[in-house]
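Asker: Produce the entire structure from the sequences given, and follow the hints as far as they go.
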Amino acid sequence: KPSLGKQRAAANAMGIPEPDVTVADGNVEKGAKIFKTKCAQCHNAEQGGKNGQGPNLWGIIGRESGQVAGFAYSAANKNSGIIWSDKHLEVYLQDPKKYMPGTKMVFAGLKKAEDRADLIAFLKSRG
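To get the numbering used here, take the position in the sequence shown, counting from 1, and add 3.
If you are wondering where the hints come from, they were derived from the structure by calculation, not from laboratory data. Accuracy of the hints is not assured; some may be wrong.
Claimed, not checked - Below, in silico cross-link-like pairs of lysine to aspartate or glutamate (EDC-like), each with a Cα-Cα straight-line distance of 16 angstroms or less:
1) K36 to D23
2) K101 to E117
3) K100 to E49
4) K90 to D23
5) K39 to D89
6) K127 to D28
7) K41 to E117
8) K90 to D118
9) K114 to E49
10) K81 to E67
11) K36 to D98
12) K115 to D28
For clarity, every value in this text was computed on a predicted model and none was experimentally measured.
Answerer: Here it is in structure tokens:
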């Protein structure tokens, strides 16, 4: 598998390419608990929910990065070219600032693969 640095280098003007990673099947209920404790301070994941310090994450899978109406994104996020997928989220959630230099997201990341898989399963269930 290419390193994160090589993946980013390959992105150049085309944006960040979809990572070549495998995402384990997660547990939606466990993911909901992780969302509540790690994400809900800044994000909403309800249909029609308001943006907080972070954008609403309802329907994130398949959505272009930096496109939630009414949220002031960083240039890095708006210009990343990412169409959010479980693979992008798997790598992004490990270390958001490393994957997307310039992001305003202050979250340090989820280090446990199982936690990421569970959170991704929850996000996939939201829209």
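Asker: A separate judgement is required for each hint: does it hold in the structure or not?
Answerer: Status of the hints after comparison with the structure:
1. Between K36 and D23 the alpha-carbon distance is near 27 angstroms, which puts this suggested pair outside the 16 angstroms criterion.
2. At most 16 angstroms may separate the alpha-carbon atoms for a hinted pair to count; K101 and E117 exceed this at roughly 20 angstroms.
3. For the hint linking K100 to E49, the alpha-carbon distance of about 25 angstroms lies beyond 16 angstroms, and the restraint is violated.
4. Annotation: proposed proximity of K90 to D23 holds, straight-line Cα distance about 7 angstroms (limit 16 angstroms).
5. With a C-alpha separation of about 19 angstroms, the suggested pairing of K39 with D89 is violated against the 16 angstroms cut-off.
6. At most 16 angstroms may separate the alpha-carbon atoms for a hinted pair to count; K127 and D28 meet this at roughly 11 angstroms.
7. A C-alpha spacing of about 14 angstroms is found between K41 and E117, which places the hinted pair at or below 16 angstroms, so the restraint holds.
8. Our distance criterion of 16 angstroms between C-alpha atoms is met by K90 and D118, whose separation comes to about 14 angstroms.
9. Taking the CA atoms of K114 and E49, the gap is about 25 angstroms. The hint is violated against a cut of 16 angstroms.
10. At most 16 angstroms may separate the alpha-carbon atoms for a hinted pair to count; K81 and E67 meet this at roughly 9 angstroms.
11. Taking the CA atoms of K36 and D98, the gap is near 20 angstroms; set against the 16 angstroms cutoff, the hint is violated.
12. Distance restraint check for K115 and D28: the Cα-Cα separation of roughly 14 angstroms lies within the 16 angstroms cut-off, and the hinted pair is therefore satisfied.
This entry does not satisfy hints 1, 2, 3, 5, 9, 11, going by the numbered hints stated previously.
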